[in-house]
Amino acid sequence: MKVLVGIKRVVDAYVRVRVKSDGTGVDLTNAKMAINPFCEIAVEEAIRLKEAGAADEVIAVSIGPAAAQEQIRTALALGSDRGILVQTEEALEPLAVAKVLKAIVEKEGIDLVILGKQSIDTDNNQVGQMLAALLNVPQGTFACKAEVKDGKIEVTREIDGGEQTVMLDLPAVVTTDLRLNEPRYASLPNIMKAKKKPIDTLSAADLGVEVGSNIKTLSVAPPAERSAGVKVESVAALVDKLKNEAKVI
Amino acid sequence: MSILVIAEHDNGSLKTATLNTVTAAAAIGGDVDILVAGYGCDAAAQEAAKAAGVGKVIVADNACYEHQLPEAVAPLVAEVGKGYTHILAAATTTGKNLMPRVAALLDVDQISDIIEVKGEDTFVRPIYAGNAMATVQTSDPIKVVTVRTTAFAEAAKDGSATVESNAHTVEQSKAQFVGEQLSKSERPELTAASVVISGGRGMQNGENFALLEKVADKLGAAIGASRAAVDAGFVPNDYQVGQTGKIVAPDLYIAVGISGAIQHLAGMKDSKVIVAINKDEEAPIFQVADYGLVADLFKALPELEEAL
Chain A
0 MKVLVGIKRV VDAYVRVRVK SDGTGVDLTN AKMAINPFCE IAVEEAIRLK
50 EAGAADEVIA VSIGPAAAQE QIRTALALGS DRGILVQTEE ALEPLAVAKV
100 LKAIVEKEGI DLVILGKQSI DTDNNQVGQM LAALLNVPQG TFACKAEVKD
150 GKIEVTREID GGEQTVMLDL PAVVTTDLRL NEPRYASLPN IMKAKKKPID
200 TLSAADLGVE VGSNIKTLSV APPAERSAGV KVESVAALVD KLKNEAKVI
Chain B
0 MSILVIAEHD NGSLKTATLN TVTAAAAIGG DVDILVAGYG CDAAAQEAAK
50 AAGVGKVIVA DNACYEHQLP EAVAPLVAEV GKGYTHILAA ATTTGKNLMP
100 RVAALLDVDQ ISDIIEVKGE DTFVRPIYAG NAMATVQTSD PIKVVTVRTT
150 AFAEAAKDGS ATVESNAHTV EQSKAQFVGE QLSKSERPEL TAASVVISGG
200 RGMQNGENFA LLEKVADKLG AAIGASRAAV DAGFVPNDYQ VGQTGKIVAP
250 DLYIAVGISG AIQHLAGMKD SKVIVAINKD EEAPIFQVAD YGLVADLFKA
300 LPELEEAL
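Protein sequences, first through last, are from chains A and B. Read the first sequence against numbering that gives the first Met the number 0 and you will find it ends at 248, with the numbers running on by one and no gaps. Read the second sequence against numbering that gives the first Met the number 0 and you will find it ends at 307, with the numbers running on by one and no gaps.
Isolated chain A (complex conformation) (with noise of 0.2 Å):
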């Protein structure tokens, strides 16, 4: 089985991001890149497939710019086998990176493929449902659990009130969240084979992808600020405010 994961390369979690003061997006200049958290989940996902011996070779694409090779070579470090690239500058809307996806899907061969649910910048979460409606796959989104069984994967799902669980055909999409598993470190051996696993880089018209889109961002602002109110200094006090100012209990 061949296991293809997506990964994006973002701001790091822990950064924290301020709107550019002409409010044409967010500012990123010096910020610390990393691997979107979803898409690491899901590269520890598809190692742990390799490794139970349900996949024979893990390749790990990002849709990007050139310096996204950093993070392929994290989830090459990780234990993917060989990664590609599909350069780009400009920043694809959801439906233009699943075409492409889907463009590498076709050219591969690939039986799974594993997805962040969403990413930490755009927040998007449409990448896995709309590549699976472009294959004409079924989709597990949002997995906690996923586990294949005689040529089919059997995906749990975290819902609104509770999980999910669905049976799927083989090819299909599955994306990350949460509690699917915790993403192992690379060891500094494992660092270092990397350097030397190949990464193929093309375009999206190297695989006959047109990536425009009908979506403009006219404006990006900084959310309404909330002004920390008062200090109580005890909970009889705390009970007065909320019943007789804010009258909310």
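Hints are computed from structural coordinates only; laboratory data are not their basis. Hints should not be assumed to be uniformly reliable.
What the hints assert, rightly or not - Label-pair distances were calculated between CB atoms; the ranges are:
{"#": "1", "chain 1": "A", "residue 1": "SER226", "chain 2": "B", "residue 2": "GLY118", "range": "26 to 36 Å"}
{"#": "2", "chain 1": "B", "residue 1": "SER159", "chain 2": "A", "residue 2": "GLU244", "range": "37 to 47 Å"}
{"#": "3", "chain 1": "A", "residue 1": "ALA90", "chain 2": "B", "residue 2": "SER159", "range": "43 to 53 Å"}
C-beta: ideal position from N, C-alpha, C; glycine also.
Starting from the known structure of chain A, arrange chain B on it as the hints suggest.
What follows is chain B alone, placed relative to chain A:
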């Protein structure tokens, strides 16, 4: 303009998220219809017909939609939705699972989690975990949108839409429903509760959440948790309030033993009144709290229960 709202329901009843979505549809303007796809979903359809301002409820009642798997429902929505300018659903796990699949079938982009309607083609949505608000415009012929329910009030239930059935079926066998494990609780649902009390890493373990439960009983509150508390295994993930968990905006939010990481604030900072109880007076949660109490939660919670 004509807007199709995808109903969120469990066949037996309509979820209120549908009513929030109807309000977002009304803000766009034009005719609003609701699609109810399910099996034995007549009760849900009748409830949908009461949503104010809705012209028509289209019911696709067939065994193939029983568990509302996106592999079956997305082709139906794409088919029915072709005749509309907008297709809207709540940005719940159900809506998020379905709508991108619908958009891809229609070869259009999807706009996620809108919090404001600026015009028929222009919407505001949070990005970077709510640290920035993007205003986006789309020129797609059909606009496929998910709606953050806490940003829109529930539509009234005094309408009387016509109900018509749709016989379209979707045959698919690639995805099979195996089972569902829903948390059973006497408490209100997190996203619908008017009072939420959440615990963080400061709770120290899952057993201590009993202290929150006692207070929640007095207030009729739902119980939530920070991601740190979920990651530590204190409570299940469906308790999680935050950017990657549930987004809540109750009248009163009480954060107990929660430091206030950005990811958590993104899930609750639209609450009307925020109370923070934390023994660390430097905790960032105090910067967004209307009322802060610097105290040991193991003393404060029993006192609070007593005082209510």
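### Numbers of unmet hints, in rising order
none
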